[in-house]
Amino acid sequence: MEFVYLQNQTQHIIMTQKVLLNSKEVNIILHRLACQLIEKHLDFKDTILIGIQPRGTFLAERLKKILEKEYNTPEIKLGLLDITFFRDDFRRTEKPLEANETKIDFIVENKKVIFIDDVLFTGRSIRSALTAIQSFGRPSEIELLVLIDRRFSRNLPIQPDFRGRQVDAINNEKVKVEWSENNGEDAVYLVTN
Amino acid sequence: MKELSVDHLLGIKYINKSDIDLIFETADHFKEVINRPIKKVPSLRDITIANIFFENSTRTKLSFELAQKRLSADVISFSAAQSSVKKGETLIDTVNNILSMKVDMVVMRHANPGAAYFLSKNVKASIINAGDGAHEHPTQGLLDSYSIREKLGEVGGKKVVIVGDVLHSRVALSNIYALQMQGAEVKVCGPKTLIPKHIESLGVTVEPNLRKALEWCDVANMLRVQNERMDVNYFPSTREYAQQYGVDKTLLDSLNKEIVIMHPGPINRGVEITSEVADSSQSVILNQVENGVAIRMAVIYLLASKIQ
Numbered sequence: 224m225e226f227v228y229l230q231n232q233t234q235h236i237i238m239t240q241k242v243l244l245n246s247k248e249v250n251i252i253l254h255r256l257a258c259q260l261i262e263k264h265l266d267f268k269d270t271i272l273i274g275i276q277p278r279g280t281f282l283a284e285r286l287k288k289i290l291e292k293e294y295n296t297p298e299i300k301l302g303l304l305d306i307t308f309f310r311d312d313f314r315r316t317e318k319p320l321e322a323n324e325t326k327i328d329f330i331v332e333n334k335k336v337i338f339i340d341d342v343l344f345t346g347r348s349i350r351s352a353l354t355a356i357q358s359f360g361r362p363s364e365i366e367l368l369v370l371i372d373r374r375f376s377r378n379l380p381i382q383p384d385f386r387g388r389q390v391d392a393i394n395n396e397k398v399k400v401e402w403s404e405n406n407g408e409d410a411v412y413l414v415t416n
Numbered sequence: 002m003k004e005l006s007v008d009h010l011l012g013i014k015y016i017n018k019s020d021i022d023l024i025f026e027t028a029d030h031f032k033e034v035i036n037r038p039i040k041k042v043p044s045l046r047d048i049t050i051a052n053i054f055f056e057n058s059t060r061t062k063l064s065f066e067l068a069q070k071r072l073s074a075d076v077i078s079f080s081a082a083q084s085s086v087k088k089g090e091t092l093i094d095t096v097n098n099i100l101s102m103k104v105d106m107v108v109m110r111h112a113n114p115g116a117a118y119f120l121s122k123n124v125k126a127s128i129i130n131a132g133d134g135a136h137e138h139p140t141q142g143l144l145d146s147y148s149i150r151e152k153l154g155e156v157g158g159k160k161v162v163i164v165g166d167v168l169h170s171r172v173a174l175s176n177i178y179a180l181q182m183q184g185a186e187v188k189v190c191g192p193k194t195l196i197p198k199h200i201e202s203l204g205v206t207v208e209p210n211l212r213k214a215l216e217w218c219d220v221a222n223m224l225r226v227q228n229e230r231m232d233v234n235y236f237p238s239t240r241e242y243a244q245q246y247g248v249d250k251t252l253l254d255s256l257n258k259e260i261v262i263m264h265p266g267p268i269n270r271g272v273e274i275t276s277e278v279a280d281s282s283q284s285v286i287l288n289q290v291e292n293g294v295a296i297r298m299a300v301i302y303l304l305a306s307k308i309q
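First to last, the sequence lines map onto chains D and X.
Per our numbering, residue 224 is the first one in the first sequence, and the count goes up by one each step.
Per our numbering, residue 2 is the first one in the second sequence, and the count goes up by one each step.
For the record, the hints were derived by calculation from the structure and aren't laboratory data.
Given the structure is predicted, the values throughout are model-derived calculations rather than measurements.
Hints are not guaranteed to be accurate.
Stated by the list, open to error - Using 25 Å as the maximum straight-line C-alpha spacing, the simulated DSS-like pairs for lysine-lysine come out as follows:
hint, chain 1, residue 1, chain 2, residue 2
1, D, 318, X, 62
2, X, 122, X, 62
3, X, 160, X, 18
4, X, 3, D, 326
5, D, 399, X, 3
6, X, 307, X, 40
7, X, 32, D, 300
8, X, 3, D, 397
9, X, 40, D, 335
10, D, 318, X, 125
11, X, 307, X, 41
12, X, 40, D, 326
13, X, 41, D, 318
14, X, 32, D, 326
15, D, 318, X, 160
16, X, 62, D, 326
17, X, 160, D, 326
Stated by the list, open to error - Pulled a few chain D residues facing chain X out of the computed Cβ check, cut under 7 Å:
hint, residue
18, 308
19, 313
20, 314
21, 319
22, 322
23, 325
24, 358
What the hints assert, rightly or not - Label-pair restraints from in silico Cβ distances:
hint, chain 1, residue 1, chain 2, residue 2, range
25, D, 319, X, 103, 17 to 27 Å
26, D, 397, X, 103, 50 to 60 Å
27, X, 287, D, 242, 52 to 62 Å
28, X, 58, D, 374, 18 to 28 Å
29, D, 330, X, 97, 15 to 25 Å
30, D, 245, X, 41, 38 to 48 Å
31, X, 103, D, 374, 33 to 43 Å
32, X, 19, D, 262, 46 to 56 Å
33, D, 382, X, 267, 50 to 60 Å
34, D, 295, X, 160, 36 to 46 Å
35, D, 315, X, 232, 23 to 33 Å
36, X, 18, D, 315, 26 to 36 Å
37, D, 314, X, 152, 28 to 38 Å
38, X, 41, D, 315, 19 to 29 Å
A virtual CB, placed ideally from N, CA and C, is assigned to each residue, including glycine.
Kindly produce the complete structure, drawing on both the sequences and the hints.
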C-alpha cells in the first residue's frame, strides 16, 4: 500500500492511494482482452473499435497496437467518440463540460462496434455513447470493453461484455487509471478522499 | 474547465480574449458535429429560444435557427412585421410576454444601437445580440475571426483591412474589437463619407487608397454598401464606388501576394466585389457562412450552460 499526502494552505486533505494493478498486471490483462476480442471477432473485417473520450482512447489505442503487432491482425479501424454533447447532466452539474475531439472517419452502418473505456462506473457515459454513435449510422451490434468494472455502482442497466478487472469500490473512492503515454507508467489506483 | 465570463453576448466589447478562445475551441467541435451524417446533438433539449428580428435578415436568422435546431433546442421565431410591435407594444412588454411562455434565451436583432444591452438589464433571460443598429453584430465578428483562423492558422499578427461602408456597419465594429483582442492589426478603407469620424480612437488607421490597403493586408473584409440605411448620397454613383472601392480580378491578380477575401453578405455583385472575385479560390465567403452555424452553436451552448 502506497500513501500520498496532499496538502494545501486552506484545508488539510489526506488522500490515500492503493495500487490495484501494476504495469505488469495491466499488460497481462491487455493481452487477455486482446485474445478475447480475437476469439469473438477473428479478423476484425466488420468490427470497429471506438475509444470513448477522453480516458478510453489510451486503452483503445493500446489494444489496437497489441492486436496488430503481436497477433498479426490486419489493420484495425479505430475511432474516437466524444460524448460531451450527449450527456444527460448538461446544466445539472457544477462543473462545466469540456468537449474533446471526435474522430470517426468511416461509416459504422452495419458494423460491429466495440466501445472501449477505462472505468465503468454509473454507466451514464456509455448511455450517452450509445446515443452519440447513432449520428454515424446504425451499427449491427455494439459491445462494451472496460479495463475496470466498478461493481454495484451502476445507475443504469449496462454491463460490460469484456472486462479487465472487477473492483468493489465505495462512493468516496475513485479508481484512477494511468497510462505510460501520459505519466510514465501503466497502473490502476484506488484513491480514497 | 473554463466558462464564459458573461451571461449574455451583447457585443465583442463585453467579452475577453479567453472567451473568444473558448468559443473557437467549442466551435471546432461543433464544426465536426455538423459534418456528421446526422448533424444533431441533444444538449439543449430542455432549452427554449426565441428569435426576435425587428429588422430584416435572411442569413443570420437562418444560421441561428439552424444552430439552435442542431443543438435540439425548441425554437420560436418572429419578425416585427407580424408582431404587436406595430400595434404600439413596448420592447420590454413584447419580450416579457414571450418569456412568460417559459423561454430561456432571446436572440434579437433591432434597429437601435444598445437595444440588446437594454433588454439584458430589464428582462430575465440570456440575450444574444444578432445586430443592434450600426453598433455591434458579435456573432458575425466571431465567425469572421474564426474563418481567418481557419484559413491562416491564427489571427494574431495578421493584417486585416475592412473596406467600404464602415459608417453603417455593425460588422465593422465587432470585427475591429475581435481582431484587436486577438492581436491583429486593423485598417479601414473607404470613401471619406463612409468612414466614421474619430475612428482612429479605436486604434485603427484609415487608408483611403484601396490598392495601398490591399498591398498591406493579409485579409480584406469587403463590407456591403448598405443602401437601405443611406438617407443622403454618400458617393456620386454606384459605378464610381465600384471603380474606386470595388475589387475585381485584375486588381487582385496585380497584387504581389495572395490575400484572403471575405464578405459578410449579402453581396452586391459588381459593386464591392465582382463575381469572379467572389467565386475565386481566395474568397472564403461560403466558409464564413458554414462557420457561422458552428460559431452560433458554440455561443448558444456556452451561454445555455450558464442558465440556472
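Hints, verified against the model:
1. D:318 / X:62: violated, 31 Å
2. X:122 / X:62: Since the Cα atoms of residue 122 (chain X) and residue 62 (chain X) sit roughly 23 Å apart, the hinted pair holds (cutoff 25 Å).
3. X:160 / X:18: Distance ~18 Å between residue 160 (chain X) and residue 18 (chain X) Cα, so the pair holds.
4. X:3 / D:326: holds, 23 Å
5. D:399 / X:3: Holds - the C-alpha atoms of residue 3 (chain X) and residue 399 (chain D) are around 23 Å apart, at most 25 Å.
6. X:307 / X:40: holds, 24 Å
7. X:32 / D:300: holds, 23 Å
8. X:3 / D:397: holds, 24 Å
9. X:40 / D:335: Cα-Cα ~22 Å, so holds.
10. D:318 / X:125: With Cα atoms ~23 Å apart, residue 318 (chain D) and residue 125 (chain X) stay inside 25 Å; holds.
11. X:307 / X:41: holds, 21 Å
12. X:40 / D:326: Given that 25 Å is the threshold and the Cα spacing comes to 14 Å, the pair holds.
13. X:41 / D:318: Holds - the C-alpha atoms of residue 318 (chain D) and residue 41 (chain X) are around 23 Å apart, at most 25 Å.
14. X:32 / D:326: holds, 12 Å
15. D:318 / X:160: Judged against 25 Å, a Cα distance of about 38 Å means the pair is violated.
16. X:62 / D:326: Violated: residue 62 (chain X) and residue 326 (chain D) sit about 30 Å apart, past 25 Å.
17. X:160 / D:326: Not OK: residue 160 (chain X) and residue 326 (chain D) at ~33 Å, beyond 25 Å, violated.
18. 308: holds, 4 Å
19. 313: Status holds, d = 5 Å.
20. 314: holds, 6 Å
21. 319: Result: holds, 5 Å to nearest chain X Cβ.
22. 322: holds, 4 Å
23. 325: Holds, because the Cβ-Cβ distance from residue 325 (chain D) to chain X comes to roughly 6 Å (cut-off 7 Å).
24. 358: holds, 4 Å
25. D:319 / X:103: 17 to 27 Å: holds, 24 Å
26. D:397 / X:103: 50 to 60 Å: Given about 38 Å between the Cβ atoms, the range is violated.
27. X:287 / D:242: 52 to 62 Å: For residue 287 (chain X) and residue 242 (chain D) the Cβ distance comes to about 55 Å; the hint holds.
28. X:58 / D:374: 18 to 28 Å: Because 56 Å falls outside the window, the suggested range is violated.
29. D:330 / X:97: 15 to 25 Å: Between residue 330 (chain D) and residue 97 (chain X), where Cβ atoms are some 48 Å apart, the hint is violated.
30. D:245 / X:41: 38 to 48 Å: holds, 44 Å
31. X:103 / D:374: 33 to 43 Å: With Cβ atoms ~42 Å apart, the hint holds.
32. X:19 / D:262: 46 to 56 Å: holds, 50 Å
33. D:382 / X:267: 50 to 60 Å: Because 55 Å falls inside the window, the suggested range holds.
34. D:295 / X:160: 36 to 46 Å: Since residue 295 (chain D) and residue 160 (chain X) have Cβ atoms about 55 Å apart, the given range 36 to 46 Å is violated.
35. D:315 / X:232: 23 to 33 Å: Roughly 51 Å apart at Cβ, these two residues miss the hinted range, so it is violated.
36. X:18 / D:315: 26 to 36 Å: holds, 29 Å
37. D:314 / X:152: 28 to 38 Å: With Cβ atoms ~34 Å apart, the hint holds.
38. X:41 / D:315: 19 to 29 Å: holds, 21 Å
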